[in-house]
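What follows is each chain in one-letter form.
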Amino acid sequence: MNQPILAKTISIQGHNGDWINAYIATPLNETMNGSVVVNHHMPGWDEGSKEITRKFATYGYTAICPNLHHREGPDLAPDDAAAAARAIGGVPDERYLGDCKGAIEYLRNQPQSNGKVAVIGYCSGGRQAYLAACNLDINAAVPCYPGLVTGQLPPNFSLKHMKPIIDQTQNISCPILGLFGKEDANPSQEHVAEIEAELKKYSKTYEFHSYDNAGHAFFATDRVSYRPEAAIDGWRKIFEFFDRTLK
Amino acid sequence: MCSYKTEIVTLSGSMKANSAWTKLSQANIYLDHPFDAPYSHTLNIDFIDANKSYGNRVAVELNTNDARELIEKIQKLLDSEAPSSRKD
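Protein chains in written order, with numbering that gives the first Met the number 0: chain A, 0 to 246; chain B, 0 to 87.
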């Protein structure tokens, strides 16, 4: 946690070969290290997401946070780009997977990379982390309170690109660490049980933790949903998991 | 939770964005996490001109109780006092 780091914004090639912005934080050491793709939450490529990215670097992992709303306006403020993304029905899964794949390739091509990459995400980014585990060549995935991995779409659902992805579970090829708040409604504890049942059905490697007195977005230090006890233990679980999967 | 649900309303009017008046053509309404307001969930409205960038939107994030009161007051005004909008 005391690594000196370098953090900056770069361009990477994502879906369809498009160039998109990404925030990268690199530990300034001479050792080979694992890497992490950070999926930002639905409110956008914001300060909190970049803070999380830097935190991984201080623990010795190269971390990158692609701007998944880049195409909605590369020069827009994160909240405006998020509003634009919502208006078009959210980020299409295919586009996300292309952008994430680009980020993974970028990380594996870094001279310090040991070749191992995890994907972590929060909120809608948690769902995307699960999606990445189902579709991409990665070494670990951490979906944090992922909405709509399972469950029913509500009537008149307007985010046309968001749909349950539980039926892709059999394709998962890496260990999963799932972190949830017991007071969350999406994912609810019933949703968590459904995901766990599906992972068990296909004999996938996973560990789930659901926290008391925590709901959605308990990691977000700049929101009223922040729950220090859950977040502190959650961070510990994440770094223990990465010790096993990325080193 | 993330609600993911957005209601879109076509509008005709004006709004003041970035210190200048501009056309208003649409409102995107959703109940979800705010970007700035200190609540877990708020009633969020993005007033936009569909021909312009989202950087020109006028955004509000309302406490849900306040939103209900606002709706009630608007409804009351419209029912009791407002003449219908005309262009002449």
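It should be emphasised that the hints constitute simulated quantities derived from the structure, not laboratory data.
Misleading hints may appear alongside valid ones.
Said to hold, decoys possible - Beta-carbon label-pair distances, calculated as ranges: (1) A:D221 to B:I73: 37 to 45 Å; (2) B:E71 to A:I87: 29 to 37 Å; (3) A:K159 to B:K51: 55 to 63 Å; (4) B:N17 to A:T204: 23 to 31 Å; (5) A:A196 to B:E71: 42 to 50 Å; (6) A:Y201 to B:R67: 19 to 27 Å; (7) B:N17 to A:A6: 24 to 32 Å.
Claimed, not checked - According to the in silico footprint, chain B covers these stretches of chain A (three or more CB under 8 Å from chain B): (8) 66–76; (9) 79–89; (10) 217–225.
Small disclaimer: the values here were computed from a predicted structure and weren't measured.
In this text, a Cβ means the ideal position worked out from N, Cα and C, and glycines have one as well.
Tested hints:
1. Our hint of 37 to 45 Å for D221 (chain A) and I73 (chain B) is violated, since their Cβ atoms are close to 32 Å apart.
2. One distance hint, 29 to 37 Å for the beta-carbon pair E71 (chain B) and I87 (chain A), holds here, with the actual separation near 32 Å.
3. Take K159 (chain A) and K51 (chain B): their Cβ atoms lie about 23 Å apart, and the range 55 to 63 Å is violated.
4. Restraint check, N17 (chain B) to T204 (chain A): a C-beta distance of roughly 51 Å breaks the suggested window 23 to 31 Å.
5. For the hinted restraint 42 to 50 Å between A196 (chain A) and E71 (chain B), the CB-CB distance of approximately 44 Å keeps it satisfied.
6. Checked against the given bound of 19 to 27 Å, the beta carbons of Y201 (chain A) and R67 (chain B), roughly 45 Å apart, lie outside it.
7. The hint said 24 to 32 Å for the Cβ distance between N17 (chain B) and A6 (chain A), and at roughly 30 Å that hint holds.
8. Chain B is given as covering the segment 66–76 of chain A, and this holds because 5 residues of the stretch bring a CB closer than 8 Å to a CB of that chain, at least three being needed.
9. With 8 residues having a beta carbon nearer than 8 Å to a beta carbon of chain B, the segment 79–89 of chain A meets the requirement of three or more and the stated coverage holds.
10. For the segment 217–225 of chain A, the stated coverage by chain B is satisfied: 3 residues place a CB nearer than 8 Å to a CB of that chain, which reaches the threshold of 3.
Hints 1, 3, 4 and 6 from the list above are not met by this structure, while the remaining hints are.
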